[in-house]
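Trainee: Starting from the given sequences, assemble the full structure and let the hints guide the process.
If you're matching positions, the sequence shown starts at 1 in the UniProt record's numbering and goes up one per residue.
For the record, the hints were derived by calculation from the structure and aren't laboratory data.
Just so you know, these numbers come straight off a predicted model, no measurement behind them.
Honestly, I wouldn't trust all of these hints.
[Said to hold, decoys possible] Think about it this way: if two alpha-carbon atoms lie no more than 30 Å apart in a straight line, the pair counts; the simulated DSS-like pairs of lysine-lysine are:
(1) K32 <-> K114
(2) K96 <-> K114
(3) K32 <-> K96
(4) K100 <-> K32
(5) K32 <-> K120
(6) K108 <-> K96
(7) K111 <-> K100
(8) K100 <-> K120
(9) K108 <-> K32
(10) K8 <-> K120
(11) K32 <-> K8
(12) K120 <-> K108
(13) K111 <-> K32
(14) K120 <-> K96
(15) K100 <-> K114
(16) K8 <-> K111
(17) K8 <-> K96
(18) K111 <-> K96
(19) K108 <-> K8
[To be verified] Derived Cβ-Cβ restraints for the label pairs, each shown as a range:
(20) E124 <-> M1: 32 to 38 Å
(21) Q52 <-> D102: 44 to 50 Å
(22) L92 <-> C17: 23 to 29 Å
(23) N129 <-> R101: 41 to 47 Å
(24) E115 <-> I2: 38 to 44 Å
(25) N88 <-> L28: 17 to 23 Å
Cβ coordinates follow ideal geometry from the N, Cα and C atoms, glycine included.
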Amino acid sequence: MIQHFIAKETFTHQIECFCPGNIHSTTLTINKMDILEVREQSFTFHNGWFVQAIINNHGCFYIALEDLDQYFYQGRLITTIDLELNLNYLQLQIDKALEKRDEELFLKSTKQLKESNALKMQIEHFINNEVGNYYSQ
Numbered sequence: 001m002i003q004h005f006i007a008k009e010t011f012t013h014q015i016e017c018f019c020p021g022n023i024h025s026t027t028l029t030i031n032k033m034d035i036l037e038v039r040e041q042s043f044t045f046h047n048g049w050f051v052q053a054i055i056n057n058h059g060c061f062y063i064a065l066e067d068l069d070q071y072f073y074q075g076r077l078i079t080t081i082d083l084e085l086n087l088n089y090l091q092l093q094i095d096k097a098l099e100k101r102d103e104e105l106f107l108k109s110t111k112q113l114k115e116s117n118a119l120k121m122q123i124e125h126f127i128n129n130e131v132g133n134y135y136s137q
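Mentor: Listed below in C-alpha cells is the structure:
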C-alpha cells in the first residue's frame, strides 16, 4: 500500500547505509511542502524495519520505520487524513474566536488555516497528477 506524507517544515534526515561501516551514509534535506511517498516494507535482520520512500517522484531511499514514526509524531510530516482533521479543527477555532471576539486566537488560527490549506492543495495536486499519470499509461 502506498502512503503519502507532506512535510510541514524543513528538516534533515540521516540516510543509513547497509554496508559494513556505513561508508555511504549521507544527510538528506526534506523541505517544507515536499511529498514523501512511502511504498514497500522490508525487514533486515541486523537493521530492523525499513520502508522505501520517494520524495516528489525523484530519487528513492530507505527510511527506518522508527524514523518515519518519529517525524510523524513530531509533526514534521502529516497525512492527508490528519490534514483534513486539522483543517476542521482550525475552522472550529476560528468560529470560536469570532464568537468570543478573540482577535489573538482568530489571527493565530487563520494563519495556521492558510498554511494547512497550502499543504492540502500541494498534496492533492501531487496525488491527482499521480493518478492521472497512472491511467494515461
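Trainee: Hint by hint, say whether it matches the structure.
Mentor: Results for each hint:
1. K32 <-> K114: Roughly 14 Å separates the two Cα atoms, so the pair holds.
2. K96 <-> K114: Holds, at about 17 Å.
3. K32 <-> K96: OK: K32 and K96 at ~29 Å, within 30 Å.
4. K100 <-> K32: Given pair K100, K32 is violated - Cα atoms ~33 Å apart, limit 30 Å.
5. K32 <-> K120: Roughly 13 Å between the alpha carbons, so the hint for K32 and K120 holds.
6. K108 <-> K96: At roughly 12 Å apart (the allowed maximum being 30 Å), K96 and K108 satisfy the hint.
7. K111 <-> K100: Between K111 and K100 the Cα gap is close to 18 Å, so the pair holds against 30 Å.
8. K100 <-> K120: 28 Å, holds
9. K108 <-> K32: At roughly 20 Å apart (the allowed maximum being 30 Å), K32 and K108 satisfy the hint.
10. K8 <-> K120: 11 Å, holds
11. K32 <-> K8: This hinted pair holds, its Cα atoms lying about 5 Å apart.
12. K120 <-> K108: Judged against 30 Å, a Cα distance of about 18 Å means the pair holds.
13. K111 <-> K32: Distance ~16 Å between K111 and K32 Cα, so the pair holds.
14. K120 <-> K96: 23 Å, holds
15. K100 <-> K114: Measuring from Cα to Cα gives roughly 21 Å; hence the hint holds.
16. K8 <-> K111: 14 Å, holds
17. K8 <-> K96: 25 Å, holds
18. K111 <-> K96: 15 Å, holds
19. K108 <-> K8: 17 Å, holds
20. E124 <-> M1: 32 to 38 Å: 19 Å, violated
21. Q52 <-> D102: 44 to 50 Å: 46 Å, holds
22. L92 <-> C17: 23 to 29 Å: 46 Å, violated
23. N129 <-> R101: 41 to 47 Å: Distance hint for N129, R101 holds at roughly 42 Å.
24. E115 <-> I2: 38 to 44 Å: 25 Å, violated
25. N88 <-> L28: 17 to 23 Å: 32 Å, violated
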